[in-house]
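Sequences listed follow chains Z, X and P, in order.
Sequential numbering from 1 applies to the first sequence in our numbering.
Sequential numbering from 1 applies to the second sequence in our numbering.
Sequential numbering from 1 applies to the third sequence in our numbering.
Hints listed in this document are in silico derivations from the structure and should not be mistaken for laboratory results.
Here a beta-carbon is modelled for each residue, glycine too, at the ideal position from N, C-alpha and C.
Keep in mind that a hint or two might mislead.
Where chain P lies over chain Z, by a calculated footprint (3+ residues, C-beta under 8 angstroms) [said to hold, decoys possible]:
hint, stretch
1, 36 to 50
2, 60 to 66
3, 137 to 149
4, 180 to 194
5, 200 to 214
Straight-line Cα separation of at most 30 angstroms, DSSO-like style, residue types lysine-lysine; simulated pairs [what the hints assert, rightly or not]:
hint, chain 1, residue 1, chain 2, residue 2
6, P, LYS3, Z, LYS200
7, P, LYS3, Z, LYS187
8, P, LYS12, P, LYS141
The residues making up each chain are set out below.
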Amino acid sequence: MKGNEAIGEGAVRAGCRYFFGYPITPQSELTHYLAKRLPEVGRLYMQAESEVASINMVYGASGAGARVMTSSSGPGISLMQEGLSYLAGAQLPCVVVNMMRGGPGLGNIAPSQADYFQATKGGGHGDYHLIVLAPNSVQELVDIMKKAFDLADRYRNPVMVMADGIMAQMMEPVELDDQYQIEIQPKPWAATGKVDHEGKNLINSCYVIPEEMESLNFILRDKYSEINKNEQVCEEYQLDGADIVLVAFGTASRICRAVVEKARAQGIPVGMIRPISLWPFPADFIGTAANRVKCFLSVEMNMGQMVEDVRLSVCGKAPVYHYGRFGGMVPTVRDVLEEVKKIYSGGAGQ
Amino acid sequence: MLEEIYIAGFGGQGALSTGQLLAHAGLMEGKYVSYVPIYGVEKRGGVANCGVTISNQQISSPLVTEPTVLVVMNSLSLERFEKAVVPGGLIIINSSLVEPRVQRTDIRVLPICANEEAESLGDPMVANNVILGALLEITRVVAIETVSEALKDVLPVRRHDMIPVNVKALEKGAELVREYNNLFKE
Amino acid sequence: MRKVFSRPVSLKDVPFHYCPGCNHGIAHRLIAEVIDELNIQDNTIGVAPVGCSVFTMDYFDIDMFQASHGRAPAVATGIKRVLPDRVVFTYQGDGDLAAIGTGEFVHAAARGENITLIFINNAVYGMTGGQMAPTTLIGQKTKTSPQGRKHEVNGYPIKVCEMLPPLEGTAYVARVAVHKPKSIIQAKKAIKKAFEVQIKGLGFSLVEVLSACPTNWGLSPIEAVTWLEENMIPYYPLGEFKTPTAGVI
């Protein structure tokens, strides 16, 4: 199954009932898949006039209580940032897929991880967080969609799933779990008309009185600290006895896995930590690992973004390096292995 | 067993569908497979390459940057990817289209006039499967019978009348390799 | 004693924040009266814009959404697609609808989205303090056209009601004013028709309401009413621009 189709099928199986989106490469095949698949199961696929309209249609549908998603890539995700801020402010659940591409600007359609800051540090205005998930295989693309919708509903917060053009196009075998039961909790806050509930429901992020706005921010802050406590997820690989630990997510983590194997075969003790949740960042696990390893190398398809979170997690306990290719270029196993050897011979080996 | 196969050509030459056929056959044999296409922004006639990884173990990186087998369908790709092949690796060249001029001496090179062979089978469309047959005979990465079976899934039903000639092409490729090997033995 | 006049049930008993002589209050009341008369208070969902009338979200006693600037028709689309049996309307000013939200209202109309847009045109930006709007008249002075709007610099005012009828998805388009009793009665009729068009599932409806903004026009409420009559109506003629061909009301 192709990555783009895997996300689509994952969304359908997660009970997504509405999709609003606008075409952009390299996620167009996801929209093609859903345009065909959603009506088959009696649900709605709708092409909006822009990404700005898409995210606001998502806002309306989510506020009306539906499981809803959109997807896009770099430039389109930028256009959605205002809407994402409103969704976070009004505490509305939804899933947004970003198939990252080379940038800045129009850039290209080649794979990239350069939207890490945008996704994890806000992107839109105001104090808010998205929950950000980064799968690294086609199987995980399917599985993570359920998790994404469940987290969105549980915390009433937008969830972003980050991948790239390679994962979108990649084909790998997938096992589809037919046992998954969709359990959608009631949404008494949804504005579906007063016929459905006592009193008046309001979907809103506007509080002109600063004290009232601060109250909402307190609620958000408490929610984010709960998410941070509960939802940090990462995967470790060959961490036992590792002196050098690679930190990588998504496509870069697949490359790094091969690097770990080759390095180990050559007697260099390398391991890997793969953050699956980019926000909340798995700071606790990395911070603990920092007590027993010599250094970290953050391998990213950008100029050095996640490395800042790795440094904060490591908190000075070990040096943290960065290796990146950008603009749509992908690091090769050979290049990363060279970098590992350089670091190893430069001190981490002693 | 780990084969990292890179198939490189122009859009329309069938590099991507050949890669998908191979990956699908690997899947049918219960192996770990991955398939990653790489193509240009042109909708027709641009670069169309793909990497297929087939392994008995979980695949670490699905990106084929150092192929064990390189299949070349245009001269541009030969120039570009010859250096990437692992030492001891294999380059299969469609010599109907590409002058098989290879600089490296630490790899095996197999030129096949796939277009002519396909025409002799009565269908110029099956040239890629002549090459694929040869690749299977050398690497044994999946059985030729599995690929023949996989055609049923990969080809749309309205094209199923094409299966026999495609199977013939696969067998022809394998036969050419056997002949080639015998030549060296003599 | 018989009660002959009271606050519509669909309006909350809260003080409005609008300026003296502002026509938002009249427009609110007309919508609320229509909701009451059609007995749809429990089934109606409103979408408030960005601008002075963002507070409609607090004034109507119905479920409401507050939308980002210009996007109310997209938000309403999302709601209506999820809840097709509810009555969904947006309330938007001229900056919200005819400047930043041009894409959204045109495409909602083109899709024949079965929603109603109430479009308040007072030819000026209110909440941000009296800047030029897309509907500001040629020669009209605002904070950002202090010499009066010049077409060489700012182009011409947008006539929304004249733009929409060619789009097949539009079912009902009308322009009304709320500056004197007779026009207020007509305005209510148009708003009611628009809601009825939606209830019958006939497609997109929009009612443009010419409205006075004495504060930002720099006029007294009485002068503002006269200014509207003498300047706006000649450029923005009142009337029905499109009525449904099927399902006659």
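Okay, the hints, checked on the actual structure:
| no. | hint | result |
| --- | --- | --- |
| 1 | 36 to 50 | holds (count 5) |
| 2 | 60 to 66 | holds (count 7) |
| 3 | 137 to 149 | violated (count 0) |
| 4 | 180 to 194 | holds (count 4) |
| 5 | 200 to 214 | holds (count 7) |
| 6 | LYS3/P to LYS200/Z | holds, 27 angstroms |
| 7 | LYS3/P to LYS187/Z | violated, 40 angstroms |
| 8 | LYS12/P to LYS141/P | violated, 36 angstroms |
Consistency note: the structure conflicts with the earlier hints numbered 3, 7, 8.
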